[in-house]
Amino acid sequence: MSSQSLISNQQSTDLMLRVSDINVYYGESHILRDVDLSVPAGQMVCLIGRNGVGKTTLLKTIMGLLSSRTGNIFFGDRPITKLAPDRRAKLGIGYVPQGREIIPRVSVKDNLLLGLEARPQGRKGKEAIPEEIFELFPVLKTMLSRMGGDLSGGQQQQLAIARALMGKPRLLVLDEPTEGIQPSIVLEIEAAVKRIIAETGISVLLVEQHLHFVRQADKYYAMQKGGIVASGSTAELTQEVIQKFLAV
Amino acid sequence: MLLIAALGLAIVFGLMGVINLAHGELIMLGAYATFVVQNIFKPFGEPWFSFYIIVAIPIAFIVSALMGLIIERGAIRFLYGRPLETLLATWGVSLILRQLVRSVNWSLFMAIGIFALLFFGGMQLLKRLVDWQNIRSKALVILLPLAAGIAIAFNLLLGANPALSKPWFSARNVDVTAPTWLRGGTTALGFQTPYVRLFIIALTILCLIGVYWFLQRSTWGLKIRAVTQNRTMSSCLGIPTSKVDALTFALGSGLAGIAGCAVSLLGSVGPNTGQSYIVDTFMVVVVGGVGNLWGAVVAAMGIGILNYLIGSGTLALFLTSVNAPQSLIDLLLFFATSSMAKVVVFALIIVFLQIKPAGLFPQKGRTAEL
Ligand SMILES: Nc1ncnc2c1ncn2[C@@H]1O[C@H](COP(=O)(O)OP(=O)(O)O)[C@@H](O)[C@H]1O
Ligand SMILES: [Mg+2]
Chain H
6 MSSQSLISNQ QSTDLMLRVS DINVYYGESH ILRDVDLSVP AGQMVCLIGR
56 NGVGKTTLLK TIMGLLSSRT GNIFFGDRPI TKLAPDRRAK LGIGYVPQGR
106 EIIPRVSVKD NLLLGLEARP QGRKGKEAIP EEIFELFPVL KTMLSRMGGD
156 LSGGQQQQLA IARALMGKPR LLVLDEPTEG IQPSIVLEIE AAVKRIIAET
206 GISVLLVEQH LHFVRQADKY YAMQKGGIVA SGSTAELTQE VIQKFLAV
Chain R
88 MLLIAALGLA IVFGLMGVIN LAHGELIMLG AYATFVVQNI FKPFGEPWFS
138 FYIIVAIPIA FIVSALMGLI IERGAIRFLY GRPLETLLAT WGVSLILRQL
188 VRSVNWSLFM AIGIFALLFF GGMQLLKRLV DWQNIRSKAL VILLPLAAGI
238 AIAFNLLLGA NPALSKPWFS ARNVDVTAPT WLRGGTTALG FQTPYVRLFI
288 IALTILCLIG VYWFLQRSTW GLKIRAVTQN RTMSSCLGIP TSKVDALTFA
338 LGSGLAGIAG CAVSLLGSVG PNTGQSYIVD TFMVVVVGGV GNLWGAVVAA
388 MGIGILNYLI GSGTLALFLT SVNAPQSLID LLLFFATSSM AKVVVFALII
438 VFLQIKPAGL FPQKGRTAEL
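Read top to bottom, the protein sequences are chains H and R. First residue of the first sequence: 6, per the working numbering; consecutive thereafter. First residue of the second sequence: 88, per the working numbering; consecutive thereafter.
Treat the hints as calculated values from the structure; they're not laboratory data. We treat Cβ as the ideally placed atom computed from N, Cα and C, and that holds for glycine. Heads up, some of the hints might be wrong.
Unchecked claim - Listing some non-contacts, in silico: residues in chain H with all C-beta distances to chain R over 12 Å:
| hint | residue |
| --- | --- |
| 1 | Leu20 |
| 2 | Asn28 |
| 3 | His35 |
| 4 | Lys65 |
| 5 | Ser73 |
| 6 | Arg83 |
| 7 | Glu106 |
| 8 | Val111 |
| 9 | Asn116 |
| 10 | Ser157 |
| 11 | Arg168 |
| 12 | Ala196 |
| 13 | Arg220 |
| 14 | Ser236 |
| 15 | Thr243 |
What the hints assert, rightly or not - In silico BS3-like links for lysine-lysine, alpha-carbon gap of 30 Å or less:
| hint | chain 1 | residue 1 | chain 2 | residue 2 |
| --- | --- | --- | --- | --- |
| 16 | H | Lys87 | R | Lys330 |
| 17 | H | Lys224 | H | Lys173 |
| 18 | H | Lys114 | H | Lys129 |
| 19 | H | Lys199 | H | Lys249 |
| 20 | H | Lys146 | H | Lys87 |
| 21 | R | Lys214 | R | Lys129 |
| 22 | H | Lys131 | H | Lys114 |
| 23 | R | Lys225 | H | Lys173 |
| 24 | H | Lys249 | H | Lys224 |
| 25 | H | Lys114 | R | Lys330 |
| 26 | R | Lys330 | H | Lys131 |
| 27 | H | Lys173 | H | Lys199 |
| 28 | R | Lys443 | H | Lys87 |
| 29 | R | Lys253 | H | Lys87 |
| 30 | H | Lys129 | R | Lys225 |
To be verified - The calculated label-pair distances, taken between Cβ atoms and stated as ranges, are:
| hint | chain 1 | residue 1 | chain 2 | residue 2 | range |
| --- | --- | --- | --- | --- | --- |
| 31 | R | Phe165 | H | Asp39 | 26 to 34 Å |
| 32 | H | Ala203 | R | Lys214 | 43 to 51 Å |
| 33 | H | Tyr31 | R | Phe421 | 58 to 66 Å |
| 34 | R | Phe165 | H | Thr75 | 40 to 48 Å |
| 35 | H | Gly185 | R | Leu440 | 48 to 56 Å |
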């Protein structure tokens, strides 16, 4: 046990997240098969693959919503495999799930304030929403007193990203942030993510179908039938790989 | 009264989706807590005794909330999402609590204390000292009978001493006397209204405002709302959901305690007190719409008033004065006892639920399936 964690320490000093040998089942159906993946500190990694291959399942496993029968998950050099989702969030993983999962009958402002819970000491007293959030997403400022559920899809997506940022995460996990959103807002969201990375040096794990957005990542992993089948730098992302793994 | 009880239940049942059959017993505990506080204040004499009720309310809240916390940590948290098991477990808890107030005495009290100390203390110690994950089940098998054995031996030993084995409460019902300033009544508004009722109404309004404020304005209230609306996402945001569950349950239980305080002012209190209120309370929650505090308010008032109108024969009297047909008046007089009134109200509620199955104010939109 101790020697094992020593090795992993050496390997992962510059890795923000390392997932190794993950096998996840829904009941009896085997969804993820021997998945390995890592996100280097300060880099953006994109996970691609067609619908239903298990991308969301992998992200849920990283968050702790599903548990793997085998393998380990390290955040920094800390094993988090056995931690509950709220503990993982507090360590610094900000999650923007597919479908956005805004708390519907709670105001936009309160939705944002809930994001503060992920800070290590939790939310203490009367903390205001930092101005940077509104610089990234100006729409939110005008909607603070609306109910989260009343926002449009694009606005909800921006709220979900803003909410994750409220916790000052070290790793941002984004699951199809541009799915079902009108093109102009897709560009806005892309720009915002780019700006977040530039300003905070945060690491990002992104699941995405838009090629344009995928190209901004440093590294990609391609998934098929629950396993990682290709990976490499996005610069060498070939037309063949794109054809095979992106639902364009 | 009905409303405070229903409020507590609305929180537990509505917000958490837990059917708590022990809610009535938590009311009963609150009533007994009031009784104990009253007895403690008695020797102090008059100026102090008048105010015991002010002390009793928070104490009743705390006692029931703590018991609620124990129930949640000990049983219910393992059963979320399994309504049938929850139903059975809470029913079991309600039986235990009823027997507990019948037979609790110093030796039993201390035995339970010793058991808790040995068992949980031992577990904490072991957790500190050794690799807990590996010996968990073994430790449980050894610790549990060990702690239980010592506690039972202790109980038997102490039980020999009659002073320690005398039950705290007699098996018969106990009475709480309302302080002098709550006796008597006023005839304002044309009704004969006892002060006690007015006090309870004021207490209810206070509780309502308190709960509203807590849920809508406080940090923990926000967490509670978030968890009830989207549990998984809340946990991903770093909200400790199991802590929030425990708190929510304790809050609902504490409100039952306050309701118990009110109950004790209205009549004598026995181990079975809770039973007579639980059905009414559930009816209020169901009619009001699950998870809807405002609905619970309206439903509680409606059911309370209807009960009163039919039960006391007021409606029959009224109809006599406007020369309604004799047969209708006879019919109403037949139902003019409190138990028959319950039958009628129950029938009316069934009819009502046929028309509006989701209650008075069904939730709209995405939270509907909560
Ligand atoms: N709650 C669930 N229960 C059972 N099977 C599921 C559930 N969610 C997803 N699946 C299955 O798991 C597979 C992977 O799903 P998912 O991770 O959502 O894919 P992706 O995000 O790549 O589109 C799919 O075949 C899907 O049918
Ligand atoms: Mg998906």
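A quick look at each hint next to the structure:
For Leu20/H, the condition that its CB be more than 12 Å from all CB atoms of chain R holds, with the nearest at approximately 22 Å. The claim that Asn28/H lies off the interface holds: its Cβ sits roughly 21 Å from the closest Cβ of chain R, which is beyond the 12 Å cut-off. Distance check for His35/H against chain R: the nearest CB is about 22 Å away, which clears 12 Å, and the non-interface claim stands. Listed as outside the interface, Lys65/H is inconsistent with that label: its C-beta sits roughly 9 Å from the nearest C-beta of chain R, within the 12 Å cut-off.
With a cut of 12 Å on Cβ distances, Ser73/H stays outside the contact zone with chain R, its closest approach being about 17 Å. Every CB of chain R is more than 12 Å from the CB of Arg83/H (nearest about 16 Å), matching its label as outside the interface. The Cβ of Glu106/H sits about 4 Å from the closest Cβ of chain R, inside the 12 Å cut-off, so the non-interface label is violated. At roughly 6 Å, the least C-beta separation between Val111/H and chain R is not larger than 12 Å, which violates its mark as non-interface.
At the 12 Å boundary, the C-beta of Asn116/H falls inside the reach of chain R, the nearest C-beta of that chain being 8 Å off. Non-interface status of Ser157/H relative to chain R is upheld: no Cβ of that chain comes within 12 Å, the nearest being about 14 Å off. Chain R draws Arg168/H into its interface by the beta-carbon criterion, the shortest separation being 7 Å against a cut-off of 12 Å. Annotated as non-interface, Ala196/H keeps its C-beta farther than 12 Å from every C-beta of chain R; the closest such distance is 25 Å.
No Cβ of chain R comes within 12 Å of the Cβ of Arg220/H; the nearest lies about 28 Å off, and the non-interface call holds. At the 12 Å boundary, the C-beta of Ser236/H stays outside the reach of chain R, the nearest C-beta of that chain being 26 Å off. Distance check for Thr243/H against chain R: the nearest CB is about 35 Å away, which clears 12 Å, and the non-interface claim stands. Between Lys87/H and Lys330/R, the direct Cα distance comes to roughly 18 Å. Compliance with the 30 Å bound is thereby established for this hinted pair.
Distance check on the hinted pair: Lys224/H and Lys173/H sit about 23 Å apart at the alpha-carbon level, within 30 Å; holds. The straight-line distance between the Cα atoms of Lys114/H and Lys129/H is roughly 16 Å, inside the 30 Å bound, and the hint therefore holds. Annotation: proposed proximity of Lys199/H to Lys249/H holds, straight-line Cα distance about 26 Å (limit 30 Å). Taken as a hint, the Lys146/H and Lys87/H pair is broken in the structure, with Cα atoms around 38 Å apart against an allowance of 30 Å.
Of the pairs offered as hints, the one joining Lys214/R and Lys129/R is violated, with about 46 Å between alpha carbons and a cut-off of 30 Å exceeded. A C-alpha spacing of about 13 Å is found between Lys131/H and Lys114/H, which places the hinted pair at or below 30 Å, so the restraint holds. Among the hinted pairs, Lys225/R with Lys173/H is inconsistent with the structure: their alpha-carbon atoms are about 42 Å apart, more than 30 Å. For the hint pairing Lys249/H with Lys224/H, the CA-to-CA distance comes to about 17 Å; that is within 30 Å, so the pair holds.
Only pairs whose Cα atoms come within 30 Å are accepted, and Lys114/H paired with Lys330/R is accepted, the gap being roughly 23 Å. Of the supplied pair hints, the one linking Lys330/R and Lys131/H holds, its CA atoms being roughly 21 Å apart against a limit of 30 Å. The hinted pair formed by Lys173/H and Lys199/H meets the criterion: a straight-line CA distance of about 16 Å does not exceed 30 Å. With a C-alpha separation of about 45 Å, the suggested pairing of Lys443/R with Lys87/H is violated against the 30 Å cut-off.
A C-alpha spacing of about 49 Å is found between Lys253/R and Lys87/H, which places the hinted pair above 30 Å, so the restraint is violated. Of the pairs offered as hints, the one joining Lys129/H and Lys225/R is violated, with about 41 Å between alpha carbons and a cut-off of 30 Å exceeded. Taken as a hint, the range 26 to 34 Å holds for the pair Phe165/R and Asp39/H, whose Cβ atoms sit roughly 33 Å apart. Between Ala203/H and Lys214/R the CB atoms are about 45 Å apart, so this pair conforms to the stated range of 43 to 51 Å.
In this structure, Tyr31/H and Phe421/R meet the distance hint of 58 to 66 Å, their C-beta atoms being roughly 59 Å apart. For Phe165/R and Thr75/H, the Cβ-Cβ distance of about 26 Å falls outside the hinted range of 40 to 48 Å, so the restraint is violated. Checked against the hint of 48 to 56 Å, the C-beta distance between Gly185/H and Leu440/R comes to roughly 38 Å, which is inconsistent with it.
Hints 4, 7, 8, 9, 11, 20, 21, 23, 28, 29, 30, 34 and 35 from the earlier list are contradicted by this structure; the remaining hints agree with it.
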